[in-house]
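Residue strings, one per chain:
There are 2 protein chains.
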Amino acid sequence: MSVIYPRVALIGLGLIASSMFWAMKRGGLADHVMGYARSEDTRETARRIGLGDEVVDTLVDAVRDADLVVLATPVGVMGRIAEEIAPHLKPGATVIDVGSVKRTVIEEVGPHIPAGVQFVPCHPMAGTEHSGPEAGFASLFDNRWCLVVPVEDADPEAVARVEAYWQAMGANTEVMEPEHHDLVCAVVSHVPHLIAYTMVGVADDLRRVSDQEVIKFSAAGFRDFTRIAASDPTMWRDVFLTNKEATIEILGRFTEELMALQRAIRTGDGEQLHAYFTHTRAIRRGILQAGQDTNEPDFGRAKVKR
Amino acid sequence: MSVIYPRVALIGLGLIASSMFWAMKRGGLADHVMGYARSEDTRETARRIGLGDEVVDTLVDAVRDADLVVLATPVGVMGRIAEEIAPHLKPGATVIDVGSVKRTVIEEVGPHIPAGVQFVPCHPMAGTEHSGPEAGFASLFDNRWCLVVPVEDADPEAVARVEAYWQAMGANTEVMEPEHHDLVCAVVSHVPHLIAYTMVGVADDLRRVSDQEVIKFSAAGFRDFTRIAASDPTMWRDVFLTNKEATIEILGRFTEELMALQRAIRTGDGEQLHAYFTHTRAIRRGILQAGQDTNEPDFGRAKVKR
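As you go down the protein sequences, you meet chains A and B in turn. At position 303 of the first sequence the residue is numbered 303 (our numbering), and the sequence of numbers has no breaks. At position 211 of the second sequence the residue is numbered 211 (our numbering), and the sequence of numbers has no breaks.
Check before you lean on any hint, since a few could be wrong.
The calculated lysine-lysine pairs, modelled on BS3-like cross-linking and capped at a C-alpha distance of 25 Å, are [to be verified]:
#1 A/K216 - B/K244
#2 A/K244 - B/K216
#3 A/K25 - A/K90
#4 B/K90 - B/K25
The following label-pair restraints were derived from C-beta to C-beta distances [what the hints assert, rightly or not]:
#5 A/A275 - B/T267: 33 to 41 Å
#6 B/R48 - A/R48: 57 to 65 Å
#7 A/N172 - B/D31: 53 to 61 Å
#8 B/T267 - A/E256: 17 to 25 Å
#9 A/I49 - B/D31: 54 to 62 Å
#10 B/E245 - A/D153: 56 to 64 Å
#11 A/K25 - B/D211: 34 to 42 Å
#12 B/A260 - A/R48: 37 to 45 Å
#13 A/E84 - B/E249: 44 to 52 Å
No lab work stands behind these hints: they were computed from the structure. From a predicted model like this one, the values you see are computed outputs, not experimental measurements. C-beta atoms are modelled at their ideal positions from N, C-alpha and C, and glycine is treated no differently.
Go ahead and model the full structure; you've got the sequences and the hints to work with.
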């Protein structure tokens, strides 16, 4: 591997940025990585665990001289950060973000990017339910997709270099339009997260079933929902607020289908239920064939001793 | 370990029954296990893989002389099976079922059980998304809960023996009332399954997002839903039809909360969303503390190479 961007600035030091740091180290992809986080606690933790070649106390110190600036904060604050760093960006630098929504980020970050600086929005589709500077690990992006969503009139060379950078960190890349990105992500990620949060909230709220019972008997299904519902609250709040349109569209479809199934249950229409449940099996087979999950029979089980 | 029921009959040879067989073999819990399945294909597979000391072609041959009869079919057919086997049950025998709902099973199976035979409804809360005779493995019940739901006027000795049997197969046991069982399971298992099925159905149905995209970019969250939605359609159809009341009650709560969150998204109420998402983290911590899941950061990832 070789250096792709000599000097990199990571803005925000959570799960994604810390994983990027370790992936860059693994691949020798940068000479010097600057880290910045708004919280002093986070900066101290980063210094303690060696996250970043240098951890600085201001945004401006982080981005000065950087060949690549990575916005890795919740998407709700990216516009403000872009505005603040804009005057200090090196001519010829590239700015990327790693937000889960793209149209809003392009609208809010794009206008601040000065001429001579390239902005290439990205969305690495990888994560765990853990957050913070200690959550990262070098292999997070291995064999995962990073969607690259170029702005209008993007420099093809800058886009290609960003793709090469993600590939060097282990990811596959695909270029997508912003609106389509936001719709795809509403389906495969955003709405599933929202309904998992909701189901866990319902369980917690139910007076006739104790918390202890919910925890103790938490079965396959619900246990996975609790894992999803342990994801970072600020990140997800911003996702829903900034991908409002697609989220509400898909939620509408979801509610419609759920009502149809509820009606089938109420009226005892076993045929409809069976047909629906059979149909959904096919998608699972496709995902396994695409190598994006494992078929091991350990679903929801803590300890498989074969 | 020692023999708990000398002669055991497994009726239905799917994931649960086959796991019970391997767990009985592991623990030396039975001298002779008879297997029966309605489908000839399943019986042939069972014979080929050595599932059951003997696989027989009729229900009556399976249960004759059995000290323990295990109903391990979808719950919708258990009543009919109980009716058919009743005249052939050995005096002093015990009948258990392993269905995911209990009130309906008690109503439909209970009346057929002759005097001198004990009926002890059970629900082992363990499973994978795989089904069929080849899906089972000896450790499926290890450290999982088996809920035991005695009928009215149950013989305490018969109940204790059933508990000892599950414990010998690796499970923890807890005794519960039927109505409470069905409500708890609606919350921690049945409704989560229904909404996972629904979400996968919505994704599959959406014209503007291709199947290929859903499969390719299937992220944490959705990927887990597809795993849930690959579960056995007949089993789940019967669960919803026979636990109608609790399912519809919990679905109502779920829809209510989802609508509240949708409204918060539409109106841009970030505070409400953040508060909700923070709250749900606590349940996850409880589940981890209860040892019912792992905290490894491999959530939704196929291959973690650290």
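A quick look at each hint next to the structure:
1. A/K216 - B/K244: Given pair A/K216, B/K244 holds - Cα atoms ~23 Å apart, limit 25 Å.
2. A/K244 - B/K216: Satisfied, since the Cα-Cα distance of roughly 23 Å is no more than 25 Å.
3. A/K25 - A/K90: Holds. A/K25 to A/K90 sits at ~23 Å (cutoff 25 Å).
4. B/K90 - B/K25: The hint holds at about 23 Å.
5. A/A275 - B/T267: 33 to 41 Å: holds (37 Å)
6. B/R48 - A/R48: 57 to 65 Å: holds (58 Å)
7. A/N172 - B/D31: 53 to 61 Å: holds (55 Å)
8. B/T267 - A/E256: 17 to 25 Å: holds (21 Å)
9. A/I49 - B/D31: 54 to 62 Å: With a Cβ separation near 58 Å, A/I49 and B/D31 satisfy 54 to 62 Å, so the hint holds.
10. B/E245 - A/D153: 56 to 64 Å: For A/D153 against B/E245, whose Cβ atoms are near 59 Å apart, the range 56 to 64 Å holds.
11. A/K25 - B/D211: 34 to 42 Å: Holds, since A/K25 and B/D211 (Cβ atoms, about 38 Å apart) stay within the stated range.
12. B/A260 - A/R48: 37 to 45 Å: With Cβ atoms ~41 Å apart, the hint holds.
13. A/E84 - B/E249: 44 to 52 Å: Roughly 51 Å apart at Cβ, these two residues keep to the hinted range, so it holds.
In summary, this structure violates none of the numbered hints.
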